Structures are given as C-alpha cells and as structure tokens.
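Position chain B against the provided structure of chain A, taking the given hints into account.
One line per chain: the protein sequences are A and B, in this order. Mapping of the first sequence onto UniProt numbering: position 97 corresponds to residue 97, and the numbering continues sequentially without gaps. Mapping of the second sequence onto UniProt numbering: position 125 corresponds to residue 125, and the numbering continues sequentially without gaps.
Some hints here could point you the wrong way.
It does not matter which identical chain is meant; a pair holds if it fits inside one copy or across any two.
[Unchecked claim] Subject to a maximum C-alpha distance of 30 Å in a straight line, what follows is the list of computed DSS-like cross-link-like pairs (lysine-lysine):
| # | residue 1 | residue 2 |
| --- | --- | --- |
| 1 | Lys320 | Lys309 |
| 2 | Lys189 | Lys344 |
| 3 | Lys288 | Lys209 |
| 4 | Lys132 | Lys344 |
| 5 | Lys309 | Lys50 |
| 6 | Lys216 | Lys186 |
| 7 | Lys37 | Lys320 |
If you are wondering where the hints come from, they were derived from the structure by calculation, not from laboratory data. Quantities reported herein were computed from a predicted structural model and do not represent experimental measurements.
2 protein chains.
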Amino acid sequence: SNARGRPDSREKMTSKSVRVVLLGPGLVGRAVCNLLKSSRAIHAQRHGLKFDVVSLIDSSGYLAESKGIADETISSALAWKQSGKRMKDFQGGSAADMKSALSALDIDPSACVVDCTGTDATTPFLVESLGKGAGVVTANKKPMCCPFEMYKKMMETPTKIGFESTVGAGTPVVHTLNHIIASGDKIVKIQGALSGTLGYLMSGLQEGKAYSEVVKEAHKLGFTEPDPRDDLGGMDVARKALILSRLWGSHFEMKDVKVEPLFPERFASLDIPDFMAALPELDEEYAKQVQQAEKDGKALRYVASIDEKSCVVGLKAVEKESPLGRLSGSDNLVEFYTEIYGNKPVVVQGAGAGDAVTAVGIVGDLVRVALAK
Amino acid sequence: SNARGRPDSREKMTSKSVRVVLLGPGLVGRAVCNLLKSSRAIHAQRHGLKFDVVSLIDSSGYLAESKGIADETISSALAWKQSGKRMKDFQGGSAADMKSALSALDIDPSACVVDCTGTDATTPFLVESLGKGAGVVTANKKPMCCPFEMYKKMMETPTKIGFESTVGAGTPVVHTLNHIIASGDKIVKIQGALSGTLGYLMSGLQEGKAYSEVVKEAHKLGFTEPDPRDDLGGMDVARKALILSRLWGSHFEMKDVKVEPLFPERFASLDIPDFMAALPELDEEYAKQVQQAEKDGKALRYVASIDEKSCVVGLKAVEKESPLGRLSGSDNLVEFYTEIYGNKPVVVQGAGAGDAVTAVGIVGDLVRVALAK
Chain A
1 SNARGRPDSR EKMTSKSVRV VLLGPGLVGR AVCNLLKSSR AIHAQRHGLK FDVVSLIDSS
61 GYLAESKGIA DETISSALAW KQSGKRMKDF QGGSAADMKS ALSALDIDPS ACVVDCTGTD
121 ATTPFLVESL GKGAGVVTAN KKPMCCPFEM YKKMMETPTK IGFESTVGAG TPVVHTLNHI
181 IASGDKIVKI QGALSGTLGY LMSGLQEGKA YSEVVKEAHK LGFTEPDPRD DLGGMDVARK
241 ALILSRLWGS HFEMKDVKVE PLFPERFASL DIPDFMAALP ELDEEYAKQV QQAEKDGKAL
301 RYVASIDEKS CVVGLKAVEK ESPLGRLSGS DNLVEFYTEI YGNKPVVVQG AGAGDAVTAV
361 GIVGDLVRVA LAK
Chain B
1 SNARGRPDSR EKMTSKSVRV VLLGPGLVGR AVCNLLKSSR AIHAQRHGLK FDVVSLIDSS
61 GYLAESKGIA DETISSALAW KQSGKRMKDF QGGSAADMKS ALSALDIDPS ACVVDCTGTD
121 ATTPFLVESL GKGAGVVTAN KKPMCCPFEM YKKMMETPTK IGFESTVGAG TPVVHTLNHI
181 IASGDKIVKI QGALSGTLGY LMSGLQEGKA YSEVVKEAHK LGFTEPDPRD DLGGMDVARK
241 ALILSRLWGS HFEMKDVKVE PLFPERFASL DIPDFMAALP ELDEEYAKQV QQAEKDGKAL
301 RYVASIDEKS CVVGLKAVEK ESPLGRLSGS DNLVEFYTEI YGNKPVVVQG AGAGDAVTAV
361 GIVGDLVRVA LAK
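Next comes chain A alone, as it looks inside the complex:
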C-alpha cells in the first residue's frame, strides 16, 4: 500500500517511548490528546516515536498511570473536566497541589511535560523538569515571560524546550525565527499582527465600522475574552512580543515592553457593562486614525514591533502594499526583516488561536523535542 504520509522507507524504525505529563487538561489539553491519538501511526512510521500520556494534572490533583493512561480513561477524564469537575475527584485521581503531583511522578529524560495552563505557577516545575533532563513543551506564554534569570535557566538546553504555540499557535513563527538565527543571517526587525481578535477589529475599522460597533460585535461572537479589555489592553500581544524578542537575544523583562492599550486609562476601572457603554466615546478618535493612515496610503494595524533596542506593541500605520498591510481578518502574520532578505521580509501567516491549531504547535514541538533527546 502507498498511503499518504506512510512512505515505506520509514516503516522499519524502532519505537522510542515518550511519557507525556499534561498540565491543564482543558480544551487545549483535550485537543493535544486527540491529536496524539489520531497521529499514532504517523509518529511511529515517520519518526519512530510512541507518545503515552502518563498523567493529567490540574490545580486540584492528578491522575497517573506509569504505563500510559488508557484512551477511554483519558476521554472520560477530559469529559469530567469539561463538565467543570476536578481531577482530584475523578476515579483514580489523587488530591495534590501541582508541585506534589509533579514530584509524585518520575520526571526523567523519557518524560515531556506539556503546559496547557494559563498560569505562571507552572514556571518552577518546568525549570525543575528541564533540570531532570525531561523535555518541556508549553503553549502557556507566562513561563516564557518569567524573570530573565529564570528564562535563561530554561534555555540552557534549547533543544529540550518547545514553545511554538505560544506565538501564532501552530503557525511556525518561533521555528522560523530560530531557523533564521541558526542560518547566521542577522535579524534586523520583526513586525507582526499577533492577535486574531485585534486583527478582526482592525479589519472592521478599515471597512469603516465604528470602534464601539466592532468591539461589541467581537464580544458578542465570543472572539474576545469575557472582559474585552483583556484583548484590547494588548498584554497578550506583549507577551508574544517578549517571547520573540528574547528568542532573538534580548534580555528584556515584561516591563521593558511598551504597550499601547486600545482604551484610555480612565476606562480601566469601569465594570464590564459600563465599559461597553462608554465605548462610543472612542469612535471618533479611532476613525480619525484609520482615515489618516488611509490618506497616507497606509493601513492601521495593531502590531508588535521588535528591533535591536526595543519591543513595542500598539497601533501602527503600515504600507498598504506590504504583507501586514494586505492582511485582513483574524489571521496572525509576522514579517521577519533580515540583512540578507533586505527590504522583502520572510513572512509567516496563519490562524493564531484556537484549541486545535494550538495543539498542532504542541504536538509538532513534542516530536522535535523527542527527536532531539
């Protein structure tokens, strides 16, 4: 047979087992488990790898099975979690904080800890796991934005850590930066639209819609966080910018990233309904900025701009005929300007959010980290 993705040249490889310890068995964790399950054949045949999920850990406790948790049990546990229940109460689950849960497990070079949480509480455990020779793959941006001294520790074994899905989800932004650095070409500037929500907003503004109208629309459609200020504040983009800047070589801390929120200071303390009601006050100002950009032959985008000396997140008028200027909708897009590529950047574009595409980045990283060991 000659099925796609199964070239017989690779069928003879022996299998290497990777024990996957999953922190945060929520929606992204579920997508990772599903993808690992559906890709068993390809991982065995193409890469000689066998991934076994040996533990599911949340903030309440954990489930563990050193030989790998059975598929049906994983499905039940994920359904349990989705119904709002906790791992400690799942059949066979144990109550423990994340630290005890992790120390109860054999974290050794055959393990890979996958962080699908959204908390910076996992950072010390990721550092510790790397110290024990385990791999670490994180979709959680916060550990990569920890104090630089700790970041340095995590990057001591760069082949053991994967964080592709922290920027642009499964779209290979992190790899592309790594590839350019490894090639010896020099990065000059990185510029990117790194928020699907804000991309949707900017496209709406460009079409002539009012700021308040597009924000309300995005909120209603569930494209924003329950409090839209979590997106409009730019912090999520700032974290992604810091991750790229550090990977390039900066020693920046979060405080070094200059962030322009898309609402004024005085809007920060309002409760959500009052905030939504106050939005039209901003319509004129943003309409003006969009029109000014248009007049200059440019397009207004919410971008992360990273260069040798700075890391800035905010509104920027970019050339209309550039990749960023041509972008519309919620895709993420990053332009890498380098010495050799000159004024025509290397560009990567794709969906930057969503459980399934985030899982694509995680599982891609798992394979890379497993093969590097």
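Same frame as chain A, but now just chain B:
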C-alpha cells in the same frame, strides 16, 4: 556584554566539529562559505557547533585539508573559480572526478556533504555519504527528484538530510511542511508560487503588460535564464512540486508531474533570437486569460498544485483575496491547507532565489543536521 544573538545562557556549551565537504564552489558555495565564516560566534555560542570547510570539489578536481581549509585559501579558491578556472588547477588542488574526490576524503559521521551543484551526477555520492553516517545538505533539486527507489534510500535517515533551500531558498517551506506532518494535522492541499521569474511575469501581465513585453523585460534584466524557456517551461517549478509531494508522502516520479509550459510545443525548437521574435504571437492568448480571471474576481498565477492524488504545475486563476491572489512581484509563496486549519491555510512567503538567500537555507539545514547527529 549583552549583544543580540549572544545570550550568555548559552556561552558554556562545548563545541562539536562538523567537517563540511562542499560540492560546487560557485556563487551559492561562496555565499555558504561567507555565511559560515560570519556566523562562527553564533554557531559556537547558540549551538555549540564549529563548522570547518574541509574540501571544495568541482567536476575537475578538489582541494582538501582535513583540519579545515584556511579562510584565505577558501577566498582565493572561490575567486579562482569565479574567474572561470578549475579546482584541479588551483594551488594544492588535485585532478579527480567527483567520485574519486569524494572517496579520497574521510566521509564519516563527522562530515556533512553540501551539494551546491545543479547536476544529478551528485545523487549516488549523496546516497553513499548518508550510508556512511554523514549528513547531507542539498540546494540542488535534482538529487531529490531522482527515481523514487533512490529517494527512499536518502530518506532512510531523515534527520541527516536537509533540503530546505531546494524550495523557496531560505524561506522555510520544507520545514513548515515537515512541522505540519509531524504535528499529526493532515495536509489536504499545497498550492504555491515557486518561481520568482514567473511571479514577476504574472504581476506584469496583471498590470496589463503584454506577455512578450514582460518576458523580454525579464530577460534583459537577467531575471530569466539565458534561454527564457528554461523558466517558462515550468520544469524548475515541477521539481519543487515533486519535492513537496514526496515529502508529504507520494511515490511520484518526475513523469507524474503534469507541467504546462508557457509557450506552445512549436516554440521549443526555435533558437533563442527566433523564440524572442515569435513571442508576440502569444500576447493575445495570455491577455485573454488574464482578463477572464479578472472578470471572475480572480488573479492568474503560475502555481504548483499538489493534492493527495496529483501534482500539477501551470496557470491557475486563484481567488483575488487569497494569499496567492494578493501576491505581487517575485516572492515565492506557499499555502498549506490542512484538516485543522480548514479553509485558512498556513502561509509562508519570501524571496525564493538568489545566492545569499539560498545559503541561508543551507546553513540553517547544516545546523539542524549537525544537532540531530
């Protein structure tokens, strides 16, 4: 100090030596040598790697120095080659065919053979080198388009072979495909503009220029091969398409790639001046196609289209608002449609030709192959 690209977290790594054997010390070979030289610090500090060029080989003979050829000697040899002279006549050079040259060298796991030639004569030596445990990095498309049985052999140790720069030069097209496959997401379709020359042509046609006019312009500017039919025939794009199709998992041979040349059969036997003189006969036909596409809200592109069952290279009207439809000029651009990404593909764009950007792909591969060993 805190220079970019030199995070002190990586300064303690020990150095691993990689002996680089360069086939084809021409313009691309020169760019590779220059990039390796200028990136010594970053390769040592980031990756713990030390690349030594131990041999320069052309079809006449070779120069070799087991401890690494001195920088000044490399420069002289490359200048010698550029002046049209041969390696066998260079001071210290030996006359030999490529086979004898390679067998005179220690090709072992510490070596990496880099193919910067444009001939399929290197294929058996690449296979042999891989068999001896050496790495292989090729910018030469022909070995990757060899009979499938031999291709299979080359891919037996996929971590040891790099061919990023065969498609899109330094722009990470090959890696992105590998990344998606490794993630377990399923590729549905690959569609890409893979020729800078034909991209320039299509942009010209879209602007309303005559076919003959744009071809003559590109020829004059040196954007085409001396015989423009080498570009217009589509064979270069066909090779790239075959490489992507095989990497995805097909067992296709060159003959399975359907190629539409941008000139009729009867133009193939003309000599170059007669061919150039006959071009205006084609203007009406291509203008009609461009206008028809425009009428349908589409843009005419010369693309490689790869799916589960076929590999086709030729003209195609694509949605004007798609990444390919928005492309203008000579950049390469590839859209990867997958099950998980749905109708919004992962997109990679960048310069796809040129000595320096090709070297970016080669050196990036060298690092990856060296780290995988």
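Against the structure, the hints come out as follows:
1. Lys320 <-> Lys309: within (26 Å within a copy, 38 Å between copies)
2. Lys189 <-> Lys344: For Lys189 and Lys344, the Cα distance is within 30 Å both inside one copy (12 Å) and across copies (26 Å).
3. Lys288 <-> Lys209: Cα proximity of Lys288 and Lys209: one copy only (12 Å, versus 38 Å across).
4. Lys132 <-> Lys344: Close neither inside one copy (43 Å) nor across copies (40 Å); limit 30 Å.
5. Lys309 <-> Lys50: between (43 Å within a copy, 29 Å between copies)
6. Lys216 <-> Lys186: neither (42 Å within a copy, 35 Å between copies)
7. Lys37 <-> Lys320: neither (43 Å within a copy, 38 Å between copies)
Hints 4, 6 and 7, counting from the list given before, are not met by this structure.
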